[in-house]
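Engineer: Protein chains in written order, with full-length UniProt numbering: chain X, 1 to 473; chain A, 1 to 162.
The set of hints was computed from the structure by calculation and includes no laboratory data. Hints should not be assumed to be uniformly reliable.
[As the list claims (entries may be wrong)] In silico PhoX-like links for lysine-lysine, alpha-carbon gap of 25 Å or less: (1) X:Lys434 to A:Lys85; (2) X:Lys32 to A:Lys127; (3) X:Lys185 to A:Lys84; (4) X:Lys89 to X:Lys22; (5) X:Lys427 to X:Lys398; (6) A:Lys29 to A:Lys66; (7) A:Lys85 to X:Lys334; (8) X:Lys85 to A:Lys127; (9) A:Lys141 to X:Lys22; (10) X:Lys22 to A:Lys136; (11) X:Lys430 to X:Lys447; (12) A:Lys141 to A:Lys127; (13) A:Lys84 to A:Lys136; (14) X:Lys89 to A:Lys127; (15) A:Lys141 to A:Lys85; (16) X:Lys463 to X:Lys334; (17) X:Lys69 to X:Lys85; (18) A:Lys141 to X:Lys32; (19) A:Lys84 to X:Lys334.
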Amino acid sequence: MDMLSLLPDPILFSIVSLLPFKEAARTSSLCKRWVHLWRSTTNIDFNEYFFVNHEDDETKRSQKLAFVKFINNFLNNYQEPFIEKFSLKLSKPSEFSDTVQHCIAFAFQRGVRQLELDFSERACDEDDNDDEEGGDDNQVASFRLPSDIYGFYNNNGGSRRLESLKLFSCEFSLSDLMNNFVGLKDVSFGYVALNLDEVEELLFNYVGNIESLSLKKCWNLPHFDVGSDRNLNLRRLAIDRCNFENDYIVFKAPNLRYLKYSGAVGAYDMNVDEAFEEADLDFSSENYAELGDVLYKVLLDLYAVKVLTVCSYFLQAIPLGEEPFRVHMDLNLKHLIMKASLQTTEFWGISFLLESSPSLHTLTFNLASPAFIFQDYEGPVTNIDARRFWMDQTRYFKCLKTSLEVVNMKGFRGSYNEYFMLHALVKCGKVLKKMNIYLSTQDTATKIQQHNAMLQFLHTTPKASPHLNISIY
Amino acid sequence: MSSSVEAITVLSSDGDEFKITVSAAKLSKPLNWMLEDVCFSDDCDEVPTIEVNSKTLVKVIEYCEKHAPRANSGASDSDAEELKKWDIEFMKMDVKDILFHILMAANYLHMEGLYDLACQTAADLMKGMTVSQIRKIFHIKNDFSSEEQEQLRRQHPGCSFD
Numbered sequence: 001m002d003m004l005s006l007l008p009d010p011i012l013f014s015i016v017s018l019l020p021f022k023e024a025a026r027t028s029s030l031c032k033r034w035v036h037l038w039r040s041t042t043n044i045d046f047n048e049y050f051f052v053n054h055e056d057d058e059t060k061r062s063q064k065l066a067f068v069k070f071i072n073n074f075l076n077n078y079q080e081p082f083i084e085k086f087s088l089k090l091s092k093p094s095e096f097s098d099t100v101q102h103c104i105a106f107a108f109q110r111g112v113r114q115l116e117l118d119f120s121e122r123a124c125d126e127d128d129n130d131d132e133e134g135g136d137d138n139q140v141a142s143f144r145l146p147s148d149i150y151g152f153y154n155n156n157g158g159s160r161r162l163e164s165l166k167l168f169s170c171e172f173s174l175s176d177l178m179n180n181f182v183g184l185k186d187v188s189f190g191y192v193a194l195n196l197d198e199v200e201e202l203l204f205n206y207v208g209n210i211e212s213l214s215l216k217k218c219w220n221l222p223h224f225d226v227g228s229d230r231n232l233n234l235r236r237l238a239i240d241r242c243n244f245e246n247d248y249i250v251f252k253a254p255n256l257r258y259l260k261y262s263g264a265v266g267a268y269d270m271n272v273d274e275a276f277e278e279a280d281l282d283f284s285s286e287n288y289a290e291l292g293d294v295l296y297k298v299l300l301d302l303y304a305v306k307v308l309t310v311c312s313y314f315l316q317a318i319p320l321g322e323e324p325f326r327v328h329m330d331l332n333l334k335h336l337i338m339k340a341s342l343q344t345t346e347f348w349g350i351s352f353l354l355e356s357s358p359s360l361h362t363l364t365f366n367l368a369s370p371a372f373i374f375q376d377y378e379g380p381v382t383n384i385d386a387r388r389f390w391m392d393q394t395r396y397f398k399c400l401k402t403s404l405e406v407v408n409m410k411g412f413r414g415s416y417n418e419y420f421m422l423h424a425l426v427k428c429g430k431v432l433k434k435m436n437i438y439l440s441t442q443d444t445a446t447k448i449q450q451h452n453a454m455l456q457f458l459h460t461t462p463k464a465s466p467h468l469n470i471s472i473y
Numbered sequence: 001m002s003s004s005v006e007a008i009t010v011l012s013s014d015g016d017e018f019k020i021t022v023s024a025a026k027l028s029k030p031l032n033w034m035l036e037d038v039c040f041s042d043d044c045d046e047v048p049t050i051e052v053n054s055k056t057l058v059k060v061i062e063y064c065e066k067h068a069p070r071a072n073s074g075a076s077d078s079d080a081e082e083l084k085k086w087d088i089e090f091m092k093m094d095v096k097d098i099l100f101h102i103l104m105a106a107n108y109l110h111m112e113g114l115y116d117l118a119c120q121t122a123a124d125l126m127k128g129m130t131v132s133q134i135r136k137i138f139h140i141k142n143d144f145s146s147e148e149q150e151q152l153r154r155q156h157p158g159c160s161f162d
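Hey, can you work out the whole structure from these sequences and the hints?
Structural biologist: Listed below in structure tokens is the structure:
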């Protein structure tokens, strides 16, 4: 007899509820006792893309119908009084509005804590590369949240229970939400028109306390200037390609831990405090103007940052400001992640950040992402040779002598620049312990084999650190 | 309640004696009631029995003693961080042998924190595993006939069962 079988059902429900929905469903084939157990999971995630994965339109259609049928069947047989999480991902929902209404009523009646309704058209498992998506750019949300839904909620004293709300391509009335739910902490809106006054109302005058705000491809917002004279309570803020009229980002958030900004370079006045941990900055804009000074100010604004992710644009633009070589003070960075292509146009930017971060512990190159390359780039010094450049520059990086222990390079494709970056780090990283190199999986097997062979040379490079361990994946 | 009592003695289901400090016992509602009972009664010699075996009770008490200071006073972010690490270490145990006893004990003693932690540990062991791997980890016997298995496969499109 296995131990698991001795546990009473309610305990198994708790365990199943901690699994992703798809994996919970899979437990139905463990053995007979488990066949229906998973149907009591309190973590429900109806994702069209679990079901619809076929190329051909006709098959797609029947898969989608099977998905909707599955939802109705699941909901009609559900027994538990409360649920923690309910997520529905369904494109073109208008045809199935009965099912959608059913879902929303179901979730609210059971005092859902985390609700996600996503009606946008996105490819299945991506999160960021949705530039090719269809219907979302015409600025019409696919579904409107009916205004009579709130009545369902009050039965279970539930207006306090809803903590996290994510609405994508789903129109709603923000003031209705604020009036009906007093426990919201985490809100995400995407593919929908927003009104800045209402957003400010939510951030400053809401009866509860919003800790996390995420705006993804929202439209109609003029900017995100909420003033630097009053404190935001936010711990997390994400602004992702919102196409502001003006890219002003102005706020004061002493509790902020995490900031993600993706969009054009604009004007910033961001006030954070020591508690600030992590920033993810992506300025993959088509703006050719060289805005080094603006980005320099961003770094100063976010001075307390410990984990920083920057894009290729940032690396190219930052040395073109008035301070071409480093920040005038030391940054407190522990982990630096660069979405770079390691073209020579990025070299001074990489050098800039490394020189400014004397206590850096981990350095990650994420070579997989496509880079934006400045045309006619003129850095502080031109005509760069990678081998020479890094052997010269590494002398100035204090982190190489005292703190840098881990280097990751993801998506290695065997270029000269990639190799000599690693080479210099091996030769000069005095306290390096771990170098992890992940070969790009997009190459042919022969190419991958060649890259692997090339990296074997790193092992023969004289190592500055006796404890360095190089792994190739 | 007399403030002189700092620890109470309980018996495990195997009949061994264990001491739990008063503040640690507060993590469990039933234990807390027991404690009040012991303190209020004149006959302090009575030792209550807890239906948990000795091996498990040792772990449960270890958890309580570690978490008690924080539960009683609140803690800073860095304490919480440290405690999380401790929890992970604490949960490194043999599945078959003790994890499920801990789950049962946490359930029986109404210890929310330990219950959530043990459930999470069990779920983490299942995450990303195939059905046959899960069977192996938890020693579950596949009691389906091949026809039944085929039927399941048809019922759940989009899920793989291997």
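Engineer: Confirm or reject each hint.
Structural biologist: Here is how each hint holds up against the structure:
1. X:Lys434 to A:Lys85: 22 Å, holds
2. X:Lys32 to A:Lys127: 20 Å, holds
3. X:Lys185 to A:Lys84: The hint holds at about 22 Å.
4. X:Lys89 to X:Lys22: 14 Å, holds
5. X:Lys427 to X:Lys398: 14 Å, holds
6. A:Lys29 to A:Lys66: 17 Å, holds
7. A:Lys85 to X:Lys334: Distance of about 20 Å is within 25 Å: holds.
8. X:Lys85 to A:Lys127: 18 Å, holds
9. A:Lys141 to X:Lys22: 22 Å, holds
10. X:Lys22 to A:Lys136: At roughly 20 Å apart (the allowed maximum being 25 Å), Lys136 (chain A) and Lys22 (chain X) satisfy the hint.
11. X:Lys430 to X:Lys447: 31 Å, violated
12. A:Lys141 to A:Lys127: It holds: about 19 Å lies between the C-alpha atoms, which stays within 25 Å.
13. A:Lys84 to A:Lys136: The given pair, whose Cα atoms are some 28 Å apart, is violated under the 25 Å limit.
14. X:Lys89 to A:Lys127: 22 Å, holds
15. A:Lys141 to A:Lys85: 34 Å, violated
16. X:Lys463 to X:Lys334: 23 Å, holds
17. X:Lys69 to X:Lys85: 20 Å, holds
18. A:Lys141 to X:Lys32: Satisfied, since the Cα-Cα distance of roughly 9 Å is no more than 25 Å.
19. A:Lys84 to X:Lys334: At roughly 21 Å apart (the allowed maximum being 25 Å), Lys334 (chain X) and Lys84 (chain A) satisfy the hint.
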